[in-house]
Each structure stands twice: as C-alpha cells, then as structure tokens.
Amino acid sequence: MPELLMIAILIIGGLVMLYFGADWLVQGAVTIALHFGLSPLLVGLTVVALGTSLPEALVSVQASLDNQGGMALGNVIGSNILNIALILGSLL
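Just so we're aligned: 5 in the numbering used here is position 25 of the sequence shown, and the numbers increase by one with no gaps anywhere.
It should be emphasised that the hints constitute simulated quantities derived from the structure, not laboratory data. All of these numbers come straight from a predicted model, not from anything done at the bench. Each statement offered as a hint is correct.
FRET-style restraints, in silico, Cβ to Cβ:
hint, residue 1, residue 2, range
1, T11, M51, 30 to 38 Å
2, I61, V41, 14 to 22 Å
3, Q48, H15, 39 to 47 Å
Idealized CB from N, CA, C, for every residue including glycine.
Work out the full structure: start from the sequences and follow the hints.
Below, the structure is given as structure tokens:
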C-alpha cells in the first residue's frame, strides 16, 4: 500500500506543478507580448506553440537519426491525433 500512496502523491504533485507551470508560461508570454507591443494572441500562436511543439520535433529528429523511422512517424502522427482530439473535444 505505501507504493500506491507514493504514486498518488507523485501524480498529484505533478498535476500541481503542471498547473502552476502553465500559468507561469501564459503570464510570461502575455508580459513579453505587452513589452514588445505585440498582441498576446500572436505570441500565443507562435512562440508558445513553438515551445510546446519543439520537444516532440526533437524526439522525432533523434529517432530518425537513430534509424527508428517507426518511432518518428508514430510520434508525429500520434501528436497530431492527440492535438486534434483535444481541440475538438474542448470545442464540443
């Protein structure tokens, strides 16, 4: 039972950090946008989107360099399916 408790604590801690990290990212992006006189929407659609997509792109590039084409393709297709499903799901 202690192992299950530790897993639950780690999951809850991770979710709390995710919440505050996302809030920090949004506040920082808005601050940067206002500092440079840009629209926060423009910064969100470019800089923040690039920052969230960059890790997946690097994983795909590394997988391709390691001759793991299936992993690279799966990462690209999987991330696109997830993004579409989350966006459509949040709109409905």
